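Number of protein chains: 2
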Amino acid sequence: MREVAVVGVGMTQFGPSEKTNVELFSEAAMDAIAESNLEPKDVQALFLGNVFCGFEEGQVTLSAFAAADIGVPYIPTTRFEGACASGSVAIRDAYMWVASGAYDIVLAGGTEKALAMGTAYATRTFAMGSDSRYEAPTGITFPGIFAMMAHLYAKKYGIPLEQLKEQMAMVAVKNHHNGTFHPKAHFRKEITIQDVYKSIMVADPLQLYDCCPFSDGAAAIIIASAEKAKKLTDKPVYFAGAGQCSAPPLPNQKDITLVKARQASAKQAYDMAGLSPNDIDICELHDCFTIAEIVATENLGFFDHGEGCKGVERGETQIGGRIPINPSGGLKARGHPIGATGAAQVYEIAKQLRGECGERQVEGAKTGMTDTLGADLCMVCNMIFRI
Amino acid sequence: MREVAVVGVGMTQFGPSEKTNVELFSEAAMDAIAESNLEPKDVQALFLGNVFCGFEEGQVTLSAFAAADIGVPYIPTTRFEGACASGSVAIRDAYMWVASGAYDIVLAGGTEKALAMGTAYATRTFAMGSDSRYEAPTGITFPGIFAMMAHLYAKKYGIPLEQLKEQMAMVAVKNHHNGTFHPKAHFRKEITIQDVYKSIMVADPLQLYDCCPFSDGAAAIIIASAEKAKKLTDKPVYFAGAGQCSAPPLPNQKDITLVKARQASAKQAYDMAGLSPNDIDICELHDCFTIAEIVATENLGFFDHGEGCKGVERGETQIGGRIPINPSGGLKARGHPIGATGAAQVYEIAKQLRGECGERQVEGAKTGMTDTLGADLCMVCNMIFRI
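Chains C and P, in that order, give the protein sequences.
Take numbering that gives the first Met the number 0: the final residue in the first sequence is number 386, and no numbers are missing along the way.
Take numbering that gives the first Met the number 0: the final residue in the second sequence is number 386, and no numbers are missing along the way.
One or more of the hints may lead you astray.
Per the computed footprint, the stretches of chain C lying under chain P, defined by three or more beta-carbons under 8 Å from a beta-carbon of chain P, are [stated by the list, open to error]:
id	stretch
1	90 to 97
2	250 to 263
3	361 to 368
Quick caveat, the hints were computed from the structure, so don't treat them as lab data.
Only a predicted model underlies this, so the values are computations on that prediction, with no experimental measurement involved.
Backbone N, C-alpha and C define an ideal beta-carbon position, used for all residues, glycine too.
Here chain C stands alone, though its shape is the one from the complex (with noise of 0.2 Å):
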């Protein structure tokens, strides 16, 4: 297969949005569009992620809507849903098919309206994302869930919870340090630990603000053949590697500190790229809570196994760290409109790896990863990328 380039990156605010759907992602869209020096004719086709539009909207065939809205009613275009990873599947397949050779230009990434759902309501949609008829039932939801999570981490590695619970809030004060710095991020605002632990308890041990939110937002590449990439831009970002992978209901996971889904998709990604760990220089990955953060840099492979607690407490995961994390602020604080996650992920590592992100720049950065999980941890994607 060939290589392939992301050639052009747009993203709205995150946060609170009065615009539907399909407007969102048409502001997002038009900038990748013109980023990449192409006009909407141009695009080949739509791939695009999303979870809750019916819920949100009353609407489906967003994919369709979305198209004509930016001037392009006919031409290919689906919906991709794999709960929150729906950006990256959108945009994992999306590769694939420009890599085969069947298109050379295609528009691809997510939207979601959460917050406009409010919270009560947006909970309890989210939670469709766990097993309707084991999990649901139960009453658990997904802070509960990485609350366990972070309960099991505790006990498996012998860390006192206060002391993790103290690394945890670390990983909020980072992330909303980096967001600082982020100018569509949904919260701009640098926290102490101390606000940490003076939120509101969500599901102990985690407090509100060791949660991400809930956010309204689109993100959008374009991506071409690396051929057509070389014609439009000075500085196409390469695709290195991808992977993704499911999970079975929580039940049948045996260790949920241990995420195999990511396990397997990362592997695949890494493989791909015939790169490490170590070879990664940033890394945006999906901190909906501020466990799963600390969780996932050791499901990556940049820290052992109860050893990610460690690194954020030494600043190895800070901008200027040995693996910067999340440099634009990550779920907790760049937002979470759950569909486009995964390609304002991208939007990251691509305007990182041109030097365009200012103050939250990580100076020579040349690869970068991207990872998003969905639901009870059952569906991950990965993709790294260099220049």
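Since chain C is already given, all that's left is putting chain P on it; use the hints.
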């Protein structure tokens, strides 16, 4: 790209079911896997079409749980949504992943519990396929749109409405007749033109028997590289062509008797296959309403515009006719579990080309085409198969 074939197919009984989407899809998938002389562990990825699992069961992440249920939890899985074309869109995408060389053996198909929602809720939910900003708020639903199509068709071609109504009724009679020979069809009873006339008016001129039912059901296929296919079966059914195209919301479509998205999609499929409409031996197409079948036979090039209605009258679309349309009974009689419909069409074409259809067999069929239409004519996917 390399050659790819369908090596096994499966489907559930269509009609009312107490099973979940996961259970329905598993049943169809296990049949397809067994028919392919494979075991679940041989499946490398799952491509699943489904539109409304959230509304039907409070379930998203459906693809992951479907894979887990058949015993392959740790593979890449994705849900595809393109309104009523979702199953076809999933299969076309799966085709690409095998043709590109990324996978050798994949499972694709669709599932839906449309009937389980109840008619009132299903009608409201289906309407989410139309534009939620400008169409749904006007109260229009799909029967209304296809009723307008019938009126426009009659006016455009100068056909007295009563004559068109009789021709439309002949579509229903033919498809019900074909359905009596399909053991898994939702309806297996003969009807007469008088039965159509006596049925309740849904949206003038469409009466109840001009409309396909809501159904529950699933269908699945195994797609393999030609090399693998030859080892697995004596009867591989090869992909010859595939196409997909979207369209803008209905108010932006100029003439809904033409279905521009279908013309573009079908052209892609024909061009890729190097075939013309005259080369097609059988076609499974989207007869969501009787008028839809007549229009589709013209859009796909089997009849000149305005002549499809006469073709039905002359019996040219019957089994044994010039171009047998919907030998399975179509959406009208086999049923319409929306996300599964495209997969059920491929099931029928594969069975027909393998000569396994018993009383509904189209003798000597060597090429077959599928056609699935989504929403307000906004999403079309076509595939051509050959032996």
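Here is how each hint holds up against the structure:
no.	hint	verdict
1	90 to 97	holds (count 3)
2	250 to 263	holds (count 4)
3	361 to 368	violated (count 0)
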